[in-house]
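Colleague: Here is how the chains run, residue by residue.
Number of protein chains: 2
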Amino acid sequence: MVMRMSTLFLRTLREDPVDADVVSHTLLVRAGYIRRAAPGIYSWLPLGYQVLRNIEAIIREEMDAIGAQEVHFPALLPREPYEASNRWAEYGDSVFRVKDRKQADYLLGPTHEEMFTLLVKDLYSSYKDLPLSLYQIQTKYRDEQRPRAGLLRGREFVMKDSYSFDVSDEAFLRSYNAHREAYIKIFDRLGLEYEIVAAMSGAMGGSASEEFLATAKNGEDTYVRSPGGYAANVEAVVTPAPDPVPYDDAPAAHVEDTPDTPTIETLVDFLNERFPRDDRPWTAADTLKNVLVMVRQPDGTREPLAVGVPGDREVDEKRLQAQLEPATLETFTDDDFAAYPALTRGYVGPGVLGEKNVSGIRYLVDPRVVAGTRWVTGADQHGHHVVDLVCGRDFTPDGTIEAADVREGDPAPDGSGPLELARGIEMGHIFQLGRKYAEALGLQVLDENGKLVTVTMGSYGVGVSRAVAAIVENSHDENGIIWPREVAPADVHIVATGKDASVFTAADELARELEAAGVSVLYDDRESVSPGVKFNDSELIGVPTIIVVGRALAGGNVEVKDRRSGERTEVAVSDAVGYIRSLVRRS
Amino acid sequence: MVMRMSTLFLRTLREDPVDADVVSHTLLVRAGYIRRAAPGIYSWLPLGYQVLRNIEAIIREEMDAIGAQEVHFPALLPREPYEASNRWAEYGDSVFRVKDRKQADYLLGPTHEEMFTLLVKDLYSSYKDLPLSLYQIQTKYRDEQRPRAGLLRGREFVMKDSYSFDVSDEAFLRSYNAHREAYIKIFDRLGLEYEIVAAMSGAMGGSASEEFLATAKNGEDTYVRSPGGYAANVEAVVTPAPDPVPYDDAPAAHVEDTPDTPTIETLVDFLNERFPRDDRPWTAADTLKNVLVMVRQPDGTREPLAVGVPGDREVDEKRLQAQLEPATLETFTDDDFAAYPALTRGYVGPGVLGEKNVSGIRYLVDPRVVAGTRWVTGADQHGHHVVDLVCGRDFTPDGTIEAADVREGDPAPDGSGPLELARGIEMGHIFQLGRKYAEALGLQVLDENGKLVTVTMGSYGVGVSRAVAAIVENSHDENGIIWPREVAPADVHIVATGKDASVFTAADELARELEAAGVSVLYDDRESVSPGVKFNDSELIGVPTIIVVGRALAGGNVEVKDRRSGERTEVAVSDAVGYIRSLVRRS
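Protein sequence lines, in the order shown, are assigned to chains A and B.
Position one of the first sequence corresponds to residue 32 (our numbering), numbered consecutively onward.
Position one of the second sequence corresponds to residue 32 (our numbering), numbered consecutively onward.
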C-alpha cells in the first residue's frame, strides 16, 4: 500500500529535541520515527515501526537459515528460576521487579537464560534431541541507572535472543560458530560497519564471549585493535605482565618528607628537584597510586578494596567494574576512612595495604606491578612518601586486577603490535555459557551410553531496536538519515512538486505502478506544502531513492536522486518503473 | 522451510495437563503449542508462535485495508497520563504496578487510550489532519484475580488495539463502522463462529460499545439473543419496566409472624398454607429479596448497598458489578451488620431500607419493582415478614439497578421476542469513547472556522492470543485441534510411514516440491516412531490437510486426508503437488 504523506501519521520537526544527546536520537525524533514516552522508553511511529520490522525480518531469515527455531517467552517472569541461578540477587537495581496482587515476586525479563533452560528441560531428555537452537524477538527491560542516547540505551527495548543446547563442548562450538556466522550476515545486511571483539561475560556468567560492535564515534563501548588482528572490548583487554625484576641490588626503602605534593605531578617535580637521578628523570610511571573503593555485593554486603596502579595511569571505572561483576562500585566515603584508621588519606601506601592484618583491606595491583619493581608511593603518614619500595620485598599485594586504563600504543597481549583505541555500539553479543545455567536448573540428558550429562549452552543477543539507532549513527549526513536499502521504511520516496494537477496525476500513477511491481513507496502527495519543505523532508527521512515528479515532467521525465551520493538522473516516465525496479533489486 | 518433526522443538503429550480447565488449554498444551510459565502467563513453542503470527498477519491486513496505521507503544507506561484520566486509581488491583530505581511509578499497560491520545495531541492540531486511525499489536498485562482457562484469561497476552480520532460525532461513526466491518472480516477469516452483541463499556468509559463474542459452550461471557435480532451481553441487557399498577384498592400492609421460613421456598409454602389466595397461589415472584453488599470505590472508600430483586430471581454478581464499575463488590460481613444495627439479618426489608435516614443504606431495586407492585418481604424483625407492602405507597427505593439474573424466555427490551441465552468468548470489543480521554488530556484541534474542538475517539480491541484458544474451542474433535486453513501452523502435514527408505525419499521430495510451490509443510520424518503415534500426533496437531506417504506408494499414490471431515483421497504422486496446491488455494 502506498504510504501517502497527506495522511501518514508523521510530523517532521525543524528543531532538535532538547533531550537528544546523540545524532541518531535527534534524527529519529526529527524525522518522525520515534517519540519519547518516558525516560529510556519510546513509542514507534509508523515509519519507525516499519524499519524495526524490516530489521526483525532480516534477523528471522538468518536465524531460520541456521536451523534456529522461533519461540516466544513472556516478559513478566516468575522469581523462582532467577533465584536458582542467583540472578534474582545479582541483578540488583538493574531489573524492574513486580509484585502481583498475591504479593508473588516477578521481574520484567532482561534476558531469558533460565526460562529457556527450563523449557528445554521440560521437553527434552536425550542426546538425540540435540543440538537445538531456539530464538525469540522480544521486548526486554532493564532499569538503567542513566538511560541515555535515545534507543541506544533504553529501559524497554527489543532484542533477538537465542540459546543453543549441546551435548558436548565440541558440538557447542559448532552451534556457537553457526551463530557467529549468522551474526556476520545479519550485520552485513543491516549495512553496519562493525568489528568483532573479545568481551567480558558480565552478568551472563560463562567462560568466553565476543561482541559485535558497530563502529561509532560516540559509541558507549571503547575497544582496541592491533595491526596484527587482536580486537577486544577495552574491559576485556589483558595487560601483559612484564618479567620479574631482580632486586638484590635495590637500595632499602626510605621514607621522605614530601611537603606540598598533593598530586602526582607535584610529587614528580619534587623528586626531580630533591632526588635527581643520573640515568633518567622521575616520571609518574615511577609512582604507585592506591585508589580506595567500596564493593557492594548483590546480597548487600559492602567491603573495601584498594587498587594500586602506576601513577601515569588512571583507574578505568568500567574496567574495574567489569572485573567485579555482579558486585557494584561505590565511593569510599569519609565514614569509610573513619572506619579504617590505619589509612592516611592522600598517603595510603602498600606499607599498610600490603599487610592485610593491619588495614583489613584487600589490595590488588595492576599486572605491571611485578616482583622487583620499585615504586614511590604513600608512606601511610601525612606529608610523607616512601621511595624505593620494592614489590615482593617490601610489600605483597593480594593479587592483580585489570583496572588501569588502556592507552593508544599499549602492546596487544598477543604480541600483535600496538593497540589503537576506537569506539563502538554493542550490537550483538555471543556467550559461551558452559554449564552454568544447566547446572543451576538441572538440565541433563542421557548420552549415547545412557549416562546423564549436563547440557552445554550458549546465549546470543542482537539489539534490534538499538540497531535502528546504530544504523543512523553509521549512516547519515547533515541533512538527515540515509537508510541502507534493506532496512529503509520504503524503497522509494516520490516527491510531487508544483501546483499542476498533471504532476499529481503522473505521480499517483507512478506510485501505483511501482507498488504493483513490488516496490514499496512513500509518496509526498501534499498539495499545500512547498517543494523546499518536501525536499528537506525527503532528505531527513532518508529513503535511499528519491523520485521527483515536477519540472522535468514537461520533457516527459522524472528525476531520480540517490540519497547517499546525491547523484541525479533524468529518466523517461515510461521507463521509470523498470529503471527503479532494477535499482531496488540491484542493491 | 519444511518443518521436520525429527528436529522440531515439539513434544506432544498423551495426558491432559492437570491445571487445564478448558479444552483449548488442554489441546494447546498437549499438541505442543504453548507451555505455562506462571499463572496466566504462557510461553509459545514454535507451532504456537506460528499460529499467533498468522492471526497477527490477518489482523494487519484488515486494519491496513481500512487505512489504519500501525504504531507501537511501550508496555511500561508512566503514571501521569493514567492519573489524568483517573484510571491510575480506577484500575485498583487489576494492573501490575512497577516502581523504577528512582521510585517513579509505572504500570504495565492493560490498554493505551491515554498514550494514543497524548501522541496525537503531540503531532496533530487541525481538523485537516483527521480522520486518523492508529493501531498496534502488542503485549498487554492485567493482574487478573483468577487467571484461568489458559490463553482465554491470561495475565500477559497479545492484543490488537486501535484508536480512532475524529473531529465530529458523524465522522466518528464512519470510523467506528469501518472498524466494525474490518472486525467482521477478521473474525470471518479466523474461521470463528461469533455474534455481535451490545455491551457495557466498563472501565473504558464512553457511551456505547459492542462485543464480538465467539460462540463457545464454556465461554466466560453469557449473552442473549432474540428471534427479532436483539443481541446483548447479559451484563448489558436492559429489563423492560412494566407500567405502574394502581393501588388504591390494595389492602394495608400487615406484618405476620412467619416462623421457620428461612428460605423463599419455605416462606412461599407458609403463605400458601396460612394465607391461601383464591385467584392463584403465592409464588417466589410475590416476594422481594433484599441483598446487601459493600461497594469499594477505587479510592478505597467502602459503602453499603441494598439491592431488591423479585424472589424468583437471583442477584447476578457480574451484572451488578458491571453497573458499579470501576467500584468492586465485597461481602457484607458480620462486622458490617454490627455497624448497621437497624438491619435484622434474614429479615431486611424496605421498611428500613426505603427510609435512608433510618438505615443509612442506599436501596436500589430491580426495574420490575414499579409503583403499585405488592410484595411479601422482610419486616425488619426476626421471624417476621410484611405482606401487601406496596412500592410507592409503603416504601420508596433510591432508584433501580440491573442486578437480577436474565432468564431464557425473558422479553427482549426492544420487543423483538423472548430471549435465548448463550455463551461466548469476548474476541473483540469496539467502544464509542466520546470525548472522555480527549477532554482529560486536552486533545483539541482547530475546526474549519478556526475554533478549538475536542476530538471524538473510539477504541477497538481484538484478543490476539485469546483468538488462538477461541479457535480451538470452536474447532476441535475428540482427537485434537482442527485449524481453519488461514491460521494453521502449516498448510499440510506429511506423514511418512513404514521402514522403507523409498517412503522417506518420496516424502522428502514431496515436501520439497510443495514448499517450492508455496505450500507450507510440517513433515513427520521421524524414523523410530510408529505409524499409530504419527497419525495420533497429526490429528492432535490439527493441520487441515494430512498427506500419508506409505502403503499407497506401492501403487504410485499418496493418501490425502481432510482433518475436519476425515475424508480420504488417493492421489498419484505425480499429481500430488498440483492437487494440494489447488486444495490450499481453494479454501
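Think of the hints as simulated: they come from the structure by calculation, not from any bench.
Each hint should be verified, as a subset may be incorrect.
The list cannot tell twin chains apart, which means a pair is met if one copy fits it or any two copies do.
[What the hints assert, rightly or not] When the alpha-carbon atoms are kept at most 25 Å apart in a straight line, the in silico DSS-like pairs for lysine-lysine are as follows:
(1) Lys349 to Lys133
(2) Lys159 to Lys130
(3) Lys216 to Lys159
(4) Lys482 to Lys159
Because the structure is a prediction, the values reported are computed rather than measured.
Colleague: All the hints need checking, so say for each whether the structure fits it.
Modeller: Hints versus structure:
When the C-alpha separation of Lys349 and Lys133 is checked against a cutoff of 25 Å, the pair qualifies only between copies, where the shortest distance is 22 Å, while the shortest distance within a copy is 39 Å. For the identical chains of this complex, Lys159 and Lys130 are neighbours neither inside a copy (40 Å) nor across copies (45 Å), given an alpha-carbon limit of 25 Å. Taking identical chains as interchangeable, the C-alpha atoms of Lys216 and Lys159 are never at most 25 Å apart, the minima being 29 Å within one chain and 45 Å between chains. In the homo-oligomer, the alpha carbons of Lys482 and Lys159 lie at most 25 Å apart inside one protomer (13 Å), although the nearest pairing across protomers, at 72 Å, exceeds that limit.
Checked against the numbered hints given earlier, this structure breaks hints 2 and 3; the rest are met.
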